[in-house]
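Asker: Sequence:
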Amino acid sequence: METRKTEQQQRASEDERRNTPDAASASADASSSPTTKKVATATKKGTVKKKPRVSKNNVRKLRTERMMSKAELARRAGLSTLTIDRVEKGMPCRMDTKRKILEALGLTPSDRVAVFGEED
187 METRKTEQQQ RASEDERRNT PDAASASADA SSSPTTKKVA TATKKGTVKK
237 KPRVSKNNVR KLRTERMMSK AELARRAGLS TLTIDRVEKG MPCRMDTKRK
287 ILEALGLTPS DRVAVFGEED
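To get the numbering used here, take the position in the sequence shown, counting from 1, and add 186.
Keep in mind that the hints were calculated from the coordinates and are not lab data. C-beta: ideal position from N, C-alpha, C; glycine also. Please note that the accuracy of each hint is not assured.
[What the hints assert, rightly or not] Pair ranges (Cβ atoms, derived):
1) A300 with K235: 30 to 36 Å
2) R197 with K242: 31 to 37 Å
3) Q196 with R272: 42 to 48 Å
4) T192 with L268: 28 to 34 Å
[As the list claims (entries may be wrong)] Here are the simulated lysine-lysine pairs, DSSO-like style, with alpha carbons at most 30 Å apart:
5) K247 with K275
6) K284 with K242
7) K231 with K256
8) K256 with K275
9) K231 with K286
10) K286 with K247
11) K242 with K275
12) K284 with K235
13) K247 with K284
14) K256 with K242
15) K231 with K284
16) K231 with K247
17) K256 with K284
18) K242 with K286
Throw the hints in and build the complete structure from the sequences for me.
Answerer: Given below as structure tokens:
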């Protein structure tokens, strides 16, 4: 029983040492500007994730011109409002999703390039 406690205490102290910055890095952090922070997204395995590509599209513009809410467009297209939000932000989506959005906006598949701004 006591060995478990000491093992746990050792692990806890090791974790504290890992999480406590040393003097060299602390002084480097203090000298750097607070507005220039470097942000990286890392996975648990230590690899850096790529951010998904974002492309400009006209879905939001066309939706608002037709006085449609995101919920209304989602309902007409048979998609979730989260999907509509992601598409409007320029996140990549499947061709089927693009087709459903075009139909819900009253457009044809030939309008795809004008709406989504790319040629697949």
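Asker: Hints first: check each against the structure and report whether it holds.
Answerer: Against the structure, the hints:
{"no.": "1", "hint": "A300 with K235: 30 to 36 Å", "in the structure": "holds (32 Å)"}
{"no.": "2", "hint": "R197 with K242: 31 to 37 Å", "in the structure": "violated (49 Å)"}
{"no.": "3", "hint": "Q196 with R272: 42 to 48 Å", "in the structure": "holds (46 Å)"}
{"no.": "4", "hint": "T192 with L268: 28 to 34 Å", "in the structure": "violated (49 Å)"}
{"no.": "5", "hint": "K247 with K275", "in the structure": "holds (12 Å)"}
{"no.": "6", "hint": "K284 with K242", "in the structure": "holds (14 Å)"}
{"no.": "7", "hint": "K231 with K256", "in the structure": "violated (37 Å)"}
{"no.": "8", "hint": "K256 with K275", "in the structure": "holds (12 Å)"}
{"no.": "9", "hint": "K231 with K286", "in the structure": "violated (37 Å)"}
{"no.": "10", "hint": "K286 with K247", "in the structure": "holds (17 Å)"}
{"no.": "11", "hint": "K242 with K275", "in the structure": "holds (8 Å)"}
{"no.": "12", "hint": "K284 with K235", "in the structure": "holds (26 Å)"}
{"no.": "13", "hint": "K247 with K284", "in the structure": "holds (15 Å)"}
{"no.": "14", "hint": "K256 with K242", "in the structure": "holds (18 Å)"}
{"no.": "15", "hint": "K231 with K284", "in the structure": "violated (34 Å)"}
{"no.": "16", "hint": "K231 with K247", "in the structure": "violated (40 Å)"}
{"no.": "17", "hint": "K256 with K284", "in the structure": "holds (15 Å)"}
{"no.": "18", "hint": "K242 with K286", "in the structure": "holds (18 Å)"}
Hint compliance for this structure: hints 2, 4, 7, 9, 15, 16 are not met, and every other hint is.
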